[in-house]
Amino acid sequence: MFMTSGGYKHVFGEQHQSNAYMVRLKNHETSNVESRSAKLMKLDGVKGIVQNTT
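In this text, residue positions in the sequence shown follow the numbering used here: the first is 1399, and each later residue adds one.
Hints were generated in silico from the structure; no laboratory data involved. Take these hints with a grain of salt, some might be off.
Stated by the list, open to error - Across the chosen pairs, the derived CB separations fall in these ranges: (1) Ile-1447 / Phe-1410: 19 to 27 Å; (2) Met-1401 / Thr-1452: 22 to 30 Å; (3) His-1408 / Thr-1451: 31 to 39 Å.
What the hints assert, rightly or not - Derived DMTMM-like pairs: lysine to aspartate or glutamate, alpha-carbon spacing no greater than 25 Å straight-line: (4) Lys-1445 / Glu-1427; (5) Lys-1424 / Glu-1412; (6) Lys-1437 / Glu-1427; (7) Lys-1407 / Glu-1427.
Quick reminder that beta carbons are idealized off the backbone N, C-alpha and C, glycines included.
Working from the sequences, and respecting the hints, build out all of it.
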């Protein structure tokens, strides 16, 4: 779910803390997306990746 920081505060009554990033690759080729995703998944802080290549 995406919401503004103001919306988050309204719903939950506290300040938000960022816990995700949206990344847009310059090279959209499937092989590049898969390669980058695999490298990111090896990082300790990465728990999951959602890809949309269409």
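Against the structure, the hints come out as follows:
With their beta carbons about 25 Å apart, Ile-1447 and Phe-1410 fall inside the hinted range of 19 to 27 Å. Look at Met-1401 against Thr-1452: about 25 Å separates their beta carbons, and that is inside 22 to 30 Å. Our hint of 31 to 39 Å for His-1408 and Thr-1451 holds, since their Cβ atoms are close to 34 Å apart. Between the alpha carbons of Lys-1445 and Glu-1427 the distance comes to roughly 23 Å, so the proposed pair stays at or under 25 Å and holds.
At most 25 Å may separate the alpha-carbon atoms for a hinted pair to count; Lys-1424 and Glu-1412 exceed this at roughly 35 Å. This hinted pair checks out: Lys-1437 and Glu-1427 have alpha carbons roughly 16 Å apart, not beyond 25 Å. Between Lys-1407 and Glu-1427 the alpha-carbon distance is near 38 Å, which puts this suggested pair outside the 25 Å criterion.
The structure shown violates the earlier hints numbered 5, 7.
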